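Chemist: Sequence:
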Amino acid sequence: MSDYKERHENEIFTKVLKAGRRTYFFDVRETKAGDYYLTITESKKNFGDNGEATFEKHKIYLYKEDFKSFQEMFNESTDFIINEKGEDVISERHDKDFKSRSYTIDSDDEV
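Take any residue in the sequence shown, note its place counting from 1, add 27, and you have its number in this note's numbering.
Read the hints as simulated data drawn from the structure, not as lab findings.
Check the hints yourself; a few may be wrong.
Said to hold, decoys possible - DMTMM-like mimics (lysine to aspartate or glutamate), calculated; alpha carbons at most 25 Å apart, straight line: (1) K95 to D54; (2) K84 to D54; (3) K42 to E111; (4) K86 to E38; (5) K71 to E114; (6) K91 to E69; (7) K86 to E103; (8) K72 to E83; (9) K95 to D106; (10) K45 to E114; (11) K59 to D93; (12) K86 to D62; (13) K91 to D106.
In this text, all values refer to a predicted model and were calculated from it rather than measured experimentally.
Work out the full structure, taking the sequences as your base and the hints as a guide.
Modeler: Following this line, the structure appears as structure tokens:
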């Protein structure tokens, strides 16, 4: 069995959010016991001095018993930010006219 297939055989559902140099993956996976859980992966593309791209990844594993509390805290935290600072992004880098470099993921190794 290929390495790619082994790593992805327990994925049931996937959504991808591209956000500038970051990409977020929301993957529903299956445990050995047949239950589902969620992994949230942040993949950030960086460029070395030689121009070569590398990817920095961070994962969160979230199980059903924590969904409600996680969702409540997420909503409370995001509501606080919006209430305190509004929905406009306060950053030159996130200026609506900012031109970012786009890229395409050609293989699983690039994620």
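Chemist: Does K42 pair with E111 here, judged by a C-alpha cut-off of 25 Å?
Modeler: 29 Å, violated
Chemist: Between K86 and E103, does the CA-CA distance stay at or below 25 Å?
Modeler: 22 Å, holds
Chemist: Is the Cα-Cα distance between K91 and D106 25 Å or less?
Modeler: 23 Å, holds
Chemist: What's the verdict on K59 and D93, does the C-alpha distance respect the 25 Å limit or exceed it?
Modeler: 19 Å, holds
Chemist: Given the hint that K84 pairs with D54, test it: the Cα-Cα distance must not exceed 25 Å.
Modeler: Distance ~14 Å between K84 and D54 Cα, so the pair holds.
Chemist: With the threshold set at 25 Å, check whether the alpha-carbon distance from K86 to D62 stays at or below it.
Modeler: 19 Å, holds
Chemist: Would the hint linking K72 and E83 be met if the CA-CA limit is 25 Å?
Modeler: 7 Å, holds
Chemist: Given the proposed pairing of K95 with D106, does the C-alpha separation stay at or below 25 Å?
Modeler: Satisfied, since the Cα-Cα distance of roughly 16 Å is no more than 25 Å.
Chemist: Check the hint pairing K91 with E69 against an upper bound of 25 Å on the C-alpha distance.
Modeler: 20 Å, holds
Chemist: Just to be careful, I want the Cα atoms of K45 and E114 compared with a cutoff of 25 Å; is the pair within it?
Modeler: 19 Å, holds
Chemist: Quick one, are K95 and D54 close enough, alpha carbons at most 25 Å?
Modeler: Within the cut-off at roughly 18 Å; holds.
Chemist: Sort out whether E38 lies within 25 Å of K86, counting only the CA atoms.
Modeler: Holds - the C-alpha atoms of E38 and K86 are around 15 Å apart, at most 25 Å.
In this structure, the one hint that does not hold is number 3.
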